[in-house]
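Q: The residues making up each chain are set out below.
Protein chains: 2
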Amino acid sequence: METTLPNYRRYAIIGTGAIGGFYGARLQRAGLEVHFLLHTDYATVCQSGLVIDSIEGHFTLPQVNAYQDVHQIPPCDVVIVSLKTTQNHLLPQLLPPILQESGVVLILQNGLGMEEIVAKIVGEQRVMGGICFICSHKVGPGHICHLDYGSITMGEYLPRGITARLSQIAADFNQAGIAVQMTEDLLLARWQKLVWNIPFNGLSVVLNATTAELLNHADSRYLVKQLMDEVKVAATSCDRSIAEIFIEQMLTHTEKMKPYKPSMKLDYEAHRPLEIEAIFNQPLHLATGAGIKLPQMMMLYRQLQFLDTQNRLKPTN
Amino acid sequence: METTLPNYRRYAIIGTGAIGGFYGARLQRAGLEVHFLLHTDYATVCQSGLVIDSIEGHFTLPQVNAYQDVHQIPPCDVVIVSLKTTQNHLLPQLLPPILQESGVVLILQNGLGMEEIVAKIVGEQRVMGGICFICSHKVGPGHICHLDYGSITMGEYLPRGITARLSQIAADFNQAGIAVQMTEDLLLARWQKLVWNIPFNGLSVVLNATTAELLNHADSRYLVKQLMDEVKVAATSCDRSIAEIFIEQMLTHTEKMKPYKPSMKLDYEAHRPLEIEAIFNQPLHLATGAGIKLPQMMMLYRQLQFLDTQNRLKPTN
Numbered sequence: 029m030e031t032t033l034p035n036y037r038r039y040a041i042i043g044t045g046a047i048g049g050f051y052g053a054r055l056q057r058a059g060l061e062v063h064f065l066l067h068t069d070y071a072t073v074c075q076s077g078l079v080i081d082s083i084e085g086h087f088t089l090p091q092v093n094a095y096q097d098v099h100q101i102p103p104c105d106v107v108i109v110s111l112k113t114t115q116n117h118l119l120p121q122l123l124p125p126i127l128q129e130s131g132v133v134l135i136l137q138n139g140l141g142m143e144e145i146v147a148k149i150v151g152e153q154r155v156m157g158g159i160c161f162i163c164s165h166k167v168g169p170g171h172i173c174h175l176d177y178g179s180i181t182m183g184e185y186l187p188r189g190i191t192a193r194l195s196q197i198a199a200d201f202n203q204a205g206i207a208v209q210m211t212e213d214l215l216l217a218r219w220q221k222l223v224w225n226i227p228f229n230g231l232s233v234v235l236n237a238t239t240a241e242l243l244n245h246a247d248s249r250y251l252v253k254q255l256m257d258e259v260k261v262a263a264t265s266c267d268r269s270i271a272e273i274f275i276e277q278m279l280t281h282t283e284k285m286k287p288y289k290p291s292m293k294l295d296y297e298a299h300r301p302l303e304i305e306a307i308f309n310q311p312l313h314l315a316t317g318a319g320i321k322l323p324q325m326m327m328l329y330r331q332l333q334f335l336d337t338q339n340r341l342k343p344t345n
Numbered sequence: 029m030e031t032t033l034p035n036y037r038r039y040a041i042i043g044t045g046a047i048g049g050f051y052g053a054r055l056q057r058a059g060l061e062v063h064f065l066l067h068t069d070y071a072t073v074c075q076s077g078l079v080i081d082s083i084e085g086h087f088t089l090p091q092v093n094a095y096q097d098v099h100q101i102p103p104c105d106v107v108i109v110s111l112k113t114t115q116n117h118l119l120p121q122l123l124p125p126i127l128q129e130s131g132v133v134l135i136l137q138n139g140l141g142m143e144e145i146v147a148k149i150v151g152e153q154r155v156m157g158g159i160c161f162i163c164s165h166k167v168g169p170g171h172i173c174h175l176d177y178g179s180i181t182m183g184e185y186l187p188r189g190i191t192a193r194l195s196q197i198a199a200d201f202n203q204a205g206i207a208v209q210m211t212e213d214l215l216l217a218r219w220q221k222l223v224w225n226i227p228f229n230g231l232s233v234v235l236n237a238t239t240a241e242l243l244n245h246a247d248s249r250y251l252v253k254q255l256m257d258e259v260k261v262a263a264t265s266c267d268r269s270i271a272e273i274f275i276e277q278m279l280t281h282t283e284k285m286k287p288y289k290p291s292m293k294l295d296y297e298a299h300r301p302l303e304i305e306a307i308f309n310q311p312l313h314l315a316t317g318a319g320i321k322l323p324q325m326m327m328l329y330r331q332l333q334f335l336d337t338q339n340r341l342k343p344t345n
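As they're listed, the protein sequences go chains A and B.
When we follow this note's numbering, the leftmost residue of the first sequence carries the number 29, and every step to the right adds one.
When we follow this note's numbering, the leftmost residue of the second sequence carries the number 29, and every step to the right adds one.
Keep in mind that the hints were calculated from the coordinates and are not lab data.
The reader is advised that the hints may include incorrect statements.
The list treats identical chains as interchangeable, and a pair is accepted whether it falls inside one copy or across any two copies.
Listed below are the simulated DSS-like cross-link pairs for lysine-lysine, each with C-alpha atoms no more than 25 Å apart in a straight line [claimed, not checked]: (1) LYS260 x LYS221; (2) LYS112 x LYS286; (3) LYS260 x LYS289; (4) LYS253 x LYS321; (5) LYS342 x LYS284; (6) LYS321 x LYS260; (7) LYS286 x LYS342; (8) LYS166 x LYS221; (9) LYS342 x LYS289; (10) LYS166 x LYS342; (11) LYS286 x LYS166; (12) LYS289 x LYS253.
Pulled out of the complex, with its shape left as it was, chain A reads as follows (with noise of 0.2 Å):
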């Protein structure tokens, strides 16, 4: 299998919102060839192009690549995926018509369970993922508001290691001003994510509060903590250790951070359905198929289960 892109690559972008709209645009505005797949904000962008308001620099790309029909977008090198994970069952459709033969597919969404899905329908040699540090979120159609941030750790699924197209879609992203960790241990990574993932997202929802309130409280403060080491146990299961130390670190890497609503947070207050199937249940479903017990995670995937499905009841709640 080719591990080696063409020296001209073209991207497309699957889900032109907070993340896939932010980092398509720079790569764009960094002079490389972006194809964006739109959905509602379809009309607009043909019209108006994409806004980018970034704490790095506001932009305007008044022309796109823009496409409703992924039939229409040519053959890609880089398919970047960042749907929500909630959209991952159209993914079948959207990813044979437009990956090149020697392509590859770039995951950037959170949670776990997302790659195999991949690699059923591309094959395992071609799936790549990616975590994205970063604080954005659409603000309007093709209207990207990015406060802070903006990072991304990068890895292939098969075979691990550091191959030749690793690096040269790392560089990229460094070329559109994106810093890019190269990790050897992608699921590693993502168990790391999860480790601030499952307790800000999941609490940020239940307690109707920012970061910054559940750090503030004690109770939850503790809550947050007993979550995040829930999350290290559970990631022996996938045999990836995670070090206290990290965890120290993330809790005083976020109490930095500005007030900030989780991504989750965010869907449930526009009344979008939640990534708890990646963020929550694929973890759960791994670390209690290895017989280890999470009751607070496990408590806090079904109080989200029961919001999710409220909240779609009554969508002016």
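The hints should help you fit chain B onto chain A, whose structure is shown.
A: Below, chain B alone, put in the same frame as chain A:
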């Protein structure tokens, strides 16, 4: 110590709300002498009396013995404590002036630890407790709405047993049309009530839901059952045994109830302090002191502590 009350029995109601207002009014309507301590509703009740909207028949008491100051109340044989437990810090000032030497305090509150507080004030042999099975709430000053049920389980604190005075008080309530179950084991009855209160009070606040909504979703129903199982285990710390069939019956019974907002949910919506200390912290304290691990009760407790703080900080949220 005298455990018989005089033939002519004078009642005081400390806390004339959903519980004390309803039972006190029923006792007075049945011909008993009742004295009501009031706070914010004093002026209205002096002017208009007590209004009871009840499934068992509406009635008004145009004239009641209403007081703002305990020192104006004559010595009483039975002092009913029906304040919120969050007000129990006031009891050292409220009880001594009105409790007859041979009288008894009857605590109609949910949770644990109240008898111990009152015993320290009036002596452990002048304490009784009751658990109310009632759906009622205050709809306005001196205006109580009684939706369903109404029976009370009553017992002595120390010594345990069916005393003469317990039978006398039960007879007074019976005369007022209130069913009373006399118990030789008040503490068991309190733990049994917690099997209901801990899941439904707690989850109704955290998940913004009625009893029916909690039971109709598989995940929240599972949490209800898990929490009930934890309360069953917690009760063993006090050498009290709750049968599995009791839990099953409680679930079935709650399913047959109309959709219901537990008192803690009503308190939360009205931005009143939540009864977390009596209903969660005391049981947790007893059980964890005995080395019992209760991860889900503990998590729910911490979530409520956070929400209670936020709810009082943001009164108009």
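Q: Does each hint hold? Answer for all of them.
A: Okay, the hints, checked on the actual structure:
1. LYS260 x LYS221: The answer is within: 11 Å in one copy meets 25 Å, while 37 Å across copies does not.
2. LYS112 x LYS286: within (24 Å within a copy, 38 Å between copies)
3. LYS260 x LYS289: within (23 Å within a copy, 37 Å between copies)
4. LYS253 x LYS321: both (17 Å within a copy, 17 Å between copies)
5. LYS342 x LYS284: So LYS342 and LYS284 pass the 25 Å test across copies only (24 Å; inside, 35 Å).
6. LYS321 x LYS260: Both: 12 Å inside a chain and 20 Å across chains, each within 25 Å.
7. LYS286 x LYS342: between (31 Å within a copy, 20 Å between copies)
8. LYS166 x LYS221: within (22 Å within a copy, 48 Å between copies)
9. LYS342 x LYS289: Both: 21 Å inside a chain and 18 Å across chains, each within 25 Å.
10. LYS166 x LYS342: Answer is within; shortest intra-copy Cα gap is 23 Å, inter-copy 28 Å.
11. LYS286 x LYS166: within (18 Å within a copy, 42 Å between copies)
12. LYS289 x LYS253: Classified as within; 18 Å inside a copy, 31 Å across copies.
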